[in-house]
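From first to last, the protein sequence lines are chains A and B.
Numbering follows the numbering used here, in which position 188 of the first sequence is assigned residue number 188; successive positions increment by one, without gaps.
Numbering follows the numbering used here, in which position 7 of the second sequence is assigned residue number 7; successive positions increment by one, without gaps.
Just so you know, these hints were derived from the structure itself, not from any lab.
Remember, it's a predicted structure, so these values are computed and weren't measured experimentally.
Ideal Cβ placement from N, Cα and C applies to all residues, glycine included.
Among the hints, a few may not be true.
Pair ranges (Cβ atoms, derived) [unchecked claim]: (1) K11(B) <-> P174(A): 44 to 54 Å; (2) Q145(A) <-> S188(B): 19 to 29 Å; (3) S123(A) <-> E70(B): 27 to 37 Å; (4) R161(A) <-> K24(B): 47 to 57 Å; (5) G49(A) <-> S188(B): 26 to 36 Å; (6) D43(A) <-> F170(B): 41 to 51 Å; (7) P174(A) <-> E157(B): 43 to 53 Å; (8) Y93(B) <-> K115(A): 20 to 30 Å; (9) S188(B) <-> V132(A): 47 to 57 Å; (10) R60(B) <-> H38(A): 34 to 44 Å; (11) L162(B) <-> T50(A): 26 to 36 Å.
Straight-line C-alpha distance at most 20 Å; calculated DMTMM-like pairs for lysine to aspartate or glutamate [claimed, not checked]: (12) K40(A) <-> D107(A); (13) K135(A) <-> E185(A); (14) K139(A) <-> E166(A); (15) K11(A) <-> D43(A); (16) K55(B) <-> E149(B); (17) K146(A) <-> E74(B); (18) K11(A) <-> E35(A); (19) K151(B) <-> E82(A); (20) K127(B) <-> D107(A); (21) K151(A) <-> E185(B); (22) K135(A) <-> D90(B); (23) K146(A) <-> D69(B); (24) K135(A) <-> E122(B); (25) K146(B) <-> D69(A); (26) K151(A) <-> E74(B); (27) K11(A) <-> E157(A); (28) K37(A) <-> E112(A); (29) K115(A) <-> E35(A); (30) K37(B) <-> E109(B); (31) K55(B) <-> E112(B); (32) K151(A) <-> E109(B); (33) K151(B) <-> E112(A); (34) K96(A) <-> E149(B); (35) K96(B) <-> E149(A); (36) K11(B) <-> E168(B); (37) K37(A) <-> E157(A); (38) K135(B) <-> D90(A); (39) K146(B) <-> E70(A); (40) K151(B) <-> E185(B).
Number of protein chains: 2
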Amino acid sequence: MAISPQIVNPKFTAAFVDTYGFTKEEYDLLLSYFEVKHLKKKDFYARAGTVCNHKAYVNRGCLRNFTIDEQGRERTLFFHFEDWWAGDFDSYYSGKPSACYFQALEDCELLEITKENFSYLESMIPKLGLWVAHKHTRKAMANSQKMMEIKTLSLQERYNRLMCQEPEIFNRVPLQYIASYLNVEPQSLSRVRKQIQCKK
Amino acid sequence: MAISPQIVNPKFTAAFVDTYGFTKEEYDLLLSYFEVKHLKKKDFYARAGTVCNHKAYVNRGCLRNFTIDEQGRERTLFFHFEDWWAGDFDSYYSGKPSACYFQALEDCELLEITKENFSYLESMIPKLGLWVAHKHTRKAMANSQKMMEIKTLSLQERYNRLMCQEPEIFNRVPLQYIASYLNVEPQSLSRVRKQIQCKK
Numbered sequence: 001m002a003i004s005p006q007i008v009n010p011k012f013t014a015a016f017v018d019t020y021g022f023t024k025e026e027y028d029l030l031l032s033y034f035e036v037k038h039l040k041k042k043d044f045y046a047r048a049g050t051v052c053n054h055k056a057y058v059n060r061g062c063l064r065n066f067t068i069d070e071q072g073r074e075r076t077l078f079f080h081f082e083d084w085w086a087g088d089f090d091s092y093y094s095g096k097p098s099a100c101y102f103q104a105l106e107d108c109e110l111l112e113i114t115k116e117n118f119s120y121l122e123s124m125i126p127k128l129g130l131w132v133a134h135k136h137t138r139k140a141m142a143n144s145q146k147m148m149e150i151k152t153l154s155l156q157e158r159y160n161r162l163m164c165q166e167p168e169i170f171n172r173v174p175l176q177y178i179a180s181y182l183n184v185e186p187q188s189l190s191r192v193r194k195q196i197q198c199k200k
Numbered sequence: 001m002a003i004s005p006q007i008v009n010p011k012f013t014a015a016f017v018d019t020y021g022f023t024k025e026e027y028d029l030l031l032s033y034f035e036v037k038h039l040k041k042k043d044f045y046a047r048a049g050t051v052c053n054h055k056a057y058v059n060r061g062c063l064r065n066f067t068i069d070e071q072g073r074e075r076t077l078f079f080h081f082e083d084w085w086a087g088d089f090d091s092y093y094s095g096k097p098s099a100c101y102f103q104a105l106e107d108c109e110l111l112e113i114t115k116e117n118f119s120y121l122e123s124m125i126p127k128l129g130l131w132v133a134h135k136h137t138r139k140a141m142a143n144s145q146k147m148m149e150i151k152t153l154s155l156q157e158r159y160n161r162l163m164c165q166e167p168e169i170f171n172r173v174p175l176q177y178i179a180s181y182l183n184v185e186p187q188s189l190s191r192v193r194k195q196i197q198c199k200k
């Protein structure tokens, strides 16, 4: 489905036009290679075992990114809300099958582009390479930060940080997935939440 | 101390000249902005609380990157052997004080460059931007992978992967730091090692 510029989240336009200085021609060219994709709640955007050859901008909705551990349990890695990009980065660059799933937690509207088309656009719009480089820098920083948090903070402290930094998670994501994201059993998360409420 | 090209690890030269196609002039310009720095075993290359304004190529030796958790315990994040880069990436890009330390596990020879000089070189040698982009992509991928491993694998499985992927860690790093890297008490790591030896 071709994209009408009116449906596009203004943050998408702002990122490319305001922050990276895309001209109108460059932005129109970029947009012309995206396609709109709709998912119903619980639909999968991607599954483990397949190679990720596309990425998608979350225009509306929310996805959960998870993997399956050695015991067959789901382990939540991230949540992708509006203005995030979804897709398995590792598989996209390595060409190896993905180890993770992306499932819609709400009805979603995605703006999707294939790897092939994105590479073509990078060769046509040098500023796009700069955008990619900055995205990767931020992703690497965010991942380092998360890894440090897992290694050094208590559950209560990690819960508090999540509340401050990403409050909408608590309005839109079932608690069992937040527990899985924080790497604890749902009962432990409930206990921490009760302790915090008692202190208030 | 200015750098003699003879002392430089051939992998450093190969990365820029062979992989990224630096001309002799570009490579010589690049090298002219690095300085040699020597550390004795246990010396610190960087400490938490200061802003990281430089990065260093490990020409010889090995560093441990760690942080201090809420209980005041050291938590090992990475080991940096020859042909790795050391420096707090988050602090380098955000300009905020670093939360981590880099300490020499052996006598080290580093090739160091300041952030200011590196930025200047990026403006002079466009290929260097490509090198940075690829480094960040690989770092983001490696961090995602490590985070997934922490979330999904047993200690034994993580130990086995480390043995396969980075065997030299076991020849050069004291076990207490490997345990801290794997996020377990040294006793648990010893138990896993014994179990594996019994199976052989």
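Please flag the earlier hints that this structure goes against, numbers listed from lowest up. 3, 7, 9, 10, 13, 15, 16, 19, 20, 27, 32, 33, 37
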